[in-house]
Every structure is written in C-alpha cells, then in structure tokens.
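Visitor: Next come the chains, spelled out residue by residue.
Number of protein chains: 2
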Amino acid sequence: MVQLPGSVGVVKPQTLHFAQPLRLTSGASIADYMLMYETYGELNAARSNAVLICHALNASHHVAGLHAEDATGAGWWDNMVGPGKPVDTNRFFVVGVNNLGSCFGSTGPMSPDPATGKPYGARFPVVTVEDWVDAQARLADALGIVQWAAVMGGSLGGMQALSWTLRYPHRLRHCVAIASTPKLSAQNIAFNDVARTAIRSDPDFHGGDYYAHGVVPKRGLSVARMIGHITYLSSEDMAEKFGRLLRTQDYAFGYDVEFEVESYLRYQGDKFSEYFDANTYLLITRALDYFDPAKDFGGDLTAALARARARFLIVSFTTDWRFPPVRSREIVEALVAHDRDVTYAEIDAPHGHDAFLLDDVRYHHLVAAYFDLIHAEQNQTQVAAPPVAPQVQQGAPAESPRRAEAA
Amino acid sequence: MVQLPGSVGVVKPQTLHFAQPLRLTSGASIADYMLMYETYGELNAARSNAVLICHALNASHHVAGLHAEDATGAGWWDNMVGPGKPVDTNRFFVVGVNNLGSCFGSTGPMSPDPATGKPYGARFPVVTVEDWVDAQARLADALGIVQWAAVMGGSLGGMQALSWTLRYPHRLRHCVAIASTPKLSAQNIAFNDVARTAIRSDPDFHGGDYYAHGVVPKRGLSVARMIGHITYLSSEDMAEKFGRLLRTQDYAFGYDVEFEVESYLRYQGDKFSEYFDANTYLLITRALDYFDPAKDFGGDLTAALARARARFLIVSFTTDWRFPPVRSREIVEALVAHDRDVTYAEIDAPHGHDAFLLDDVRYHHLVAAYFDLIHAEQNQTQVAAPPVAPQVQQGAPAESPRRAEAA
Chain V
1 MVQLPGSVGV VKPQTLHFAQ PLRLTSGASI ADYMLMYETY GELNAARSNA
51 VLICHALNAS HHVAGLHAED ATGAGWWDNM VGPGKPVDTN RFFVVGVNNL
101 GSCFGSTGPM SPDPATGKPY GARFPVVTVE DWVDAQARLA DALGIVQWAA
151 VMGGSLGGMQ ALSWTLRYPH RLRHCVAIAS TPKLSAQNIA FNDVARTAIR
201 SDPDFHGGDY YAHGVVPKRG LSVARMIGHI TYLSSEDMAE KFGRLLRTQD
251 YAFGYDVEFE VESYLRYQGD KFSEYFDANT YLLITRALDY FDPAKDFGGD
301 LTAALARARA RFLIVSFTTD WRFPPVRSRE IVEALVAHDR DVTYAEIDAP
351 HGHDAFLLDD VRYHHLVAAY FDLIHAEQNQ TQVAAPPVAP QVQQGAPAES
401 PRRAEAA
Chain B
1 MVQLPGSVGV VKPQTLHFAQ PLRLTSGASI ADYMLMYETY GELNAARSNA
51 VLICHALNAS HHVAGLHAED ATGAGWWDNM VGPGKPVDTN RFFVVGVNNL
101 GSCFGSTGPM SPDPATGKPY GARFPVVTVE DWVDAQARLA DALGIVQWAA
151 VMGGSLGGMQ ALSWTLRYPH RLRHCVAIAS TPKLSAQNIA FNDVARTAIR
201 SDPDFHGGDY YAHGVVPKRG LSVARMIGHI TYLSSEDMAE KFGRLLRTQD
251 YAFGYDVEFE VESYLRYQGD KFSEYFDANT YLLITRALDY FDPAKDFGGD
301 LTAALARARA RFLIVSFTTD WRFPPVRSRE IVEALVAHDR DVTYAEIDAP
351 HGHDAFLLDD VRYHHLVAAY FDLIHAEQNQ TQVAAPPVAP QVQQGAPAES
401 PRRAEAA
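Taken in order, these protein sequences are the chains called V and B. Everything in the first sequence is counted per this note's numbering, starting at 1 for the first residue and increasing by one. Everything in the second sequence is counted per this note's numbering, starting at 1 for the first residue and increasing by one.
No lab work stands behind these hints: they were computed from the structure. Think of the CB as a built atom: it goes at the ideal place given N, C-alpha and C, for glycine as much as any other residue. Be aware that one or more of the hints could be misleading.
[Unchecked claim] Chain V side only, calculated, beta carbon under 10 Å to chain B, not exhaustive: (1) P203; (2) D237; (3) E260; (4) K271.
[Unchecked claim] Chain B residues, not near chain V, derived (Cβ > 12 Å throughout): (5) K12; (6) S26; (7) A45; (8) N58; (9) N188; (10) D193; (11) A198; (12) S234; (13) G243; (14) R329; (15) L357.
Working from the sequences, and respecting the hints, build out all of it.
Guide: Structure, rendered in structure tokens:
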C-alpha cells in the first residue's frame, strides 16, 4: 500500500450486506440492503477510538485517500482525515459510509429491487436522516463499535451527527456538526424544490424509471446542480473568483457561455449529470427537507435536544448563506439551555457553505485541537471495551465531565 | 371612463410604429418596430411634467389603472402611480412603455420578422438597456417630450433610469432608481444563466423557434421563474410567510407538493409559463447581464457617471439580497464624488427585492415627498416649452441648483 505523506494512501471500499429488514420513518421497509464503506486507521483494543464521518448530498464513503484505479480521486474530506491531519488516523479509526439511497455503491434507486429484479427507480422508498443513522448504527454493530468517539459531518452530514445524539444518545461521546442546521428554512426548501422540479420535468426522467429507457435526465440534473452550486458559494467568493470576467473577447450578444461564471457553473452541472443519479438527488434533498428533530416537540428545539448526551463541537462560517451561523447558534442555544458541553466557533471565512470542505488553517486547527482533547480524554478515562451488542442503545460507559474546549 | 378612488381608472394601451431603423449596441439593427405604451394624467402646456416609468423583467407598459377587458389586472405599479399617489397623476403626465423585445405588445421575438413573415424567434437581436433607452427617447420625441421631469424604475427599470442620465443627460431632470445596481454581480449572472439553461435545455425550446412547432418551453420557463422568484424574496420574508408549513397532514414521503413554499413557487412558475415568452426571458436577462456603464471606463463607475446631469433619488431595501443596499451605495458614492445632488434612502423592509413593488408607507412617503419637490420646482422655475425636436440631446433648460431632499 502506497503511503503518501499525510494521506491514508490507497484505500479499498468494502461492502456489508444486511439481511434484516430496515424499518423506515415512512413506515416502509427495505428488506435487504448493502452498505459500502471505507475505514482508515486501526480500531484500538478498547474499541474506543472510532470516528464516523457522515456525508452530505453528493459525497460518499470515500472520505480520504485514493482508490487504486483512480490516482486523482482523493476522498472528499482528504484534507481533514489522514495521518497527522485534524482527524488523525494515527489515533483514530475512521469510518466513512455511503448512505442508503445514494448512488455510490450502497443500495439505492439504481439497485435491483429484489421483488422485480429491475432497478427500484421511483419505487425506492423515501429515506430520512434518522433512517440513515439507524443503518449506520447497524454498521457500527457489525464493526464492533458500541460507542463512537465522535460522529462528525458537515452540512447534511452534521444533521446526521446531531441525529445520532438523539437517536442513540449513549453511542457517541462527541458530536461534530459543521456548517449545519437543525432544520431547513423555507428558502432552503424552495431551492431544493426548484432543483427537483428541474429533474422531474425533464422528459428523460420518465417518472423516475429512466433506467429502463436507457436515458438519464441530464438536463434536469445539470440545472439542479447549477442551482445547488450557487448556494454553496458566497456572493463575495463568486465576485472574487469570477466577477464579471468574460471568456469571450467582448460581449457576443448571444446566449452561449460568455462570462467565466457561466462557464464554471455549466461545467459543474454537466460533470455532475455524468455521475450522479437523479433519483438519489430527489431522495437526498427530500431527506434534507424533512430533517427537523423539533417537529415532534411542537417546534421546540430545546425540548428536542434534551435527550442528547454527547459533547458538541459546532462550527459555522460567516459567509455561509445556505446554513448561516444563526442556524448553528440555534443548536448551541438549545444545548446550553440543558447545560451541555458545547464548543462553538464562527469562522470568518470567505467561501460560503463550501468552506467546510476547504483548507482553512484556523478551521483545521480548531478541529485538530478538539480531536486532541478527544484523544487525551480517551487515554485518561481508559474506556472499557463493551461487549458487541447489535442495536444497543443504552449502557455506554459513563462520560467524563470535563468540558471540551478549543480556541 | 370609470374613475376608481386613487386609480387612474380604465386605461387603453396605445401603439406607435417606428419606421426608422434602430441601430443596436450589438451592431445589428431593427428595421421597423412598434412600441406599446400607456399614459396617465395630462401633459402640461410647458411639456415639463412628464415622467417615464421603466419596467423590469416581467412587467410592461401597463403601470397603473385597469384595462376594460380585465377588471382585475391592475397595473404593476398601481400603488405608486395614480391620482393622489406618490407619482401623482393630477400633477404629472406619466408614460409607461413596453420595451423592445418584451412580449406584451411591443416588437419582440414573437413578432413577425418582416424579412420572412414568420416570428423572429431565435433571430430577434439581443438588445441592451441602452437600446431600450434609445427606443424610449424616440417615443419621447413622438410624444413631444424633450425633457422628462423624471425617469423612474425599480430593479432593471432603475438601470434604464440610470442609463438615461448617461445617454441623454439633458433630457431628464431627475433619475429615480429603486432597488437597482450599476451592474450585476457574478452571483446575479449565475442565477440568470441557470434560468436560461433551464429554458434552452427544454426540448420544447427548439433552439428558440418553438412557435413553428406549436409548443412553448413551459417546463424550462417555470423552473426559470421559480429560481427568479426565490431571489426576489428575502429569506426572512419566506420564513415569515411559509416557514415549514405543510399543505399535507404530515410528511407524505414523496416528491409532490407538501410544503406551502413548494406550492407557492410551483404555482408562480406555472402561471408565469402560461403568459411569458421564453425568448423574451433570455433577452431581458441578457440585457441585465450586460448592463455595466463602467465597462468603457475600465470599471471606474465614478468616471462613467461624470456625464450625468440629473438629480437623483436612490432607494434600496435592507433585506434585498439580489441588489443589496451596497450596490445602490456604489451609485451614490460615484455621484457624490461629482458633487451631484443625490437623495439616498435605505429602507428597513422585510420583503427583499420585491419591496420596490409593495406597499410600504415609509417608502411611499419618501417617493411622494421627492415628487412634491419636483412639482414645486417645476412651478418655481417655469420651465419653458422647448420646441419638439426628435433626437434632441442638448438644450435643456438650466436646472435649479436647489438640492432635493426627502426624509
């Protein structure tokens, strides 16, 4: 295995088959499914150093390192996870998993429906953040991880981390939620719905069963991605990167690409439509829309978070207008009301929502410092290895009362 | 004529035919064209009380009042223009004109190309804000208006008002530019390009010649409008109006309309796709992209605005994230650098970009106060009626040095 400096090197995705049906929030079940995942680093003897990384809309289990067959395709959070990196794989056993319904190897709309032998397509059930967390808990069981040192994610990944603290309060010691929100705003839902409308109104969508027609709703997917992409960048960052720069000599008085920003967006849209499954786009944006842990508590987030036992690192970015700092602060305030340990940082970064994926030394130092504390605490408390028990939701070791803090 | 209280009542659009070719910024010409317009109030003997109202993307010449055949379709700025309203038609002669390339009666892509007898479609030339202003100047000539008391508009309409001060500096005394910008940002262009991509990639678009196929790219137009609509509203306003309200009893675990905001947006998109021409959408968004008076001055707006002679009322709205206050302030600062008379107000309104169209007592009082001053000044200076001279760009009466101010 090639060990690149600071990289986990060449990694190989693994799959696990789950034969026990998974009951979903919607009431439907998935009878039988596969999850694709990757691991980096070594699980310690106490099984106390495992970190779960949850992905957002278009990412996957491939968090860090390279695949042998694609020497350029580094994992989506390769700057965050690796030897000597903020989530240090010399210390932590890191797990990345492709969520149910995604299109990178785990069972999803493209997979054959056992009932018919044909791709699920439109018949793949709508899944929720909570369903993903349940499936991740089963993966944890299978890997012998009763309690995560941390569950971590950005954006939609942060929602999964938050959901873990509510669904399996004793199965994680730390929740790291970056550039996230306790629920989508009307504007967030609106952008999702426009993207879905673009996909569903593409004649090549065929009601979700385009696989049978040998086509893909590329036009709709491309428009969906363009819309999404605008919301991932800050206006300031777009102004800085592209401004009003032209690719043409001067105005061409037509509708083809003239401005750099058009070229960039169309390229992003076209590239995305080559590899991403349209049904997965619908499914994941709907999971985003539905996430709202306060819903069963009359909209009271503080009441909803009473169950949480983890300690928290919450990070937001000043120019993120998709999930702006005020949304992270809602989580922080609800946790503080319960006197929970929360470290909160608002990073003054120019890159909008995408900042959570980018190199920023203050951000990375903060996460590194937080994981240093998790590591130190682990060595101090000598967490015992609990027996591997599938679906365990109770009986986690007592938590250290020490407050985790980072600059 | 029915005179409703505070309304100009039932109005009748008029058309004017222009046989002299109009040379466009692109270098192309339109050989022969019609403009549709409406007027309200009476032109005084001195011809000094005329106000031109310029429309934005989806509006028209129908600024105020009602059409006999549609008793519900009040003009798009009916709350602003009428007897006793901020732009008081008891004092001012107000002109609304549908711009060239639009789809409400003036010559545009749907009109027959005299060369072929078939609709122009994709062959209709790209027009610019400057071209519209030139066409409006010819309309002014035809109406005997050598100098406007004011040229006024919101958003793209404000760009036209600003362009008037540069293209025909002596043909207007006041420029009223509301919720506008001296040029689009990269993000603004990006949203336009996604909207255009949605339209152009609709199979019913047929390269712009859908008229011949008896279809309309409704899916693309609807998506374009949904995107646009999100940018017209503030996130706060959307949260207030829709929040996460459901139209369904509870989550339905599907992709049809569930959230109120989805219902609203889809309705807006569908309605728009019933009446708006797709080629016009492309054309007007491109005119928005291209507007940049500083372009010929190396990006120096101050240098670009040196030509302006008018006095200005500039208004922005705090929650407008499409053309936020900082964009209006760029205009103000460039004018102040030339010691021009500028009244600037930033209105703390919750409604985002759309605020310029909505009732807001502070906003309307401000505009009313400004027009009171225009009216008073007019009576004081006894503006002489200059001879009607087509294409006159010089020779306007000396302007009063009195500074126009409003709360």
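Visitor: Which numbered hints turn out to be false for this structure?
Guide: Hint check: 4, 6, 9, 10, 11, 12, 13 fail, others pass.
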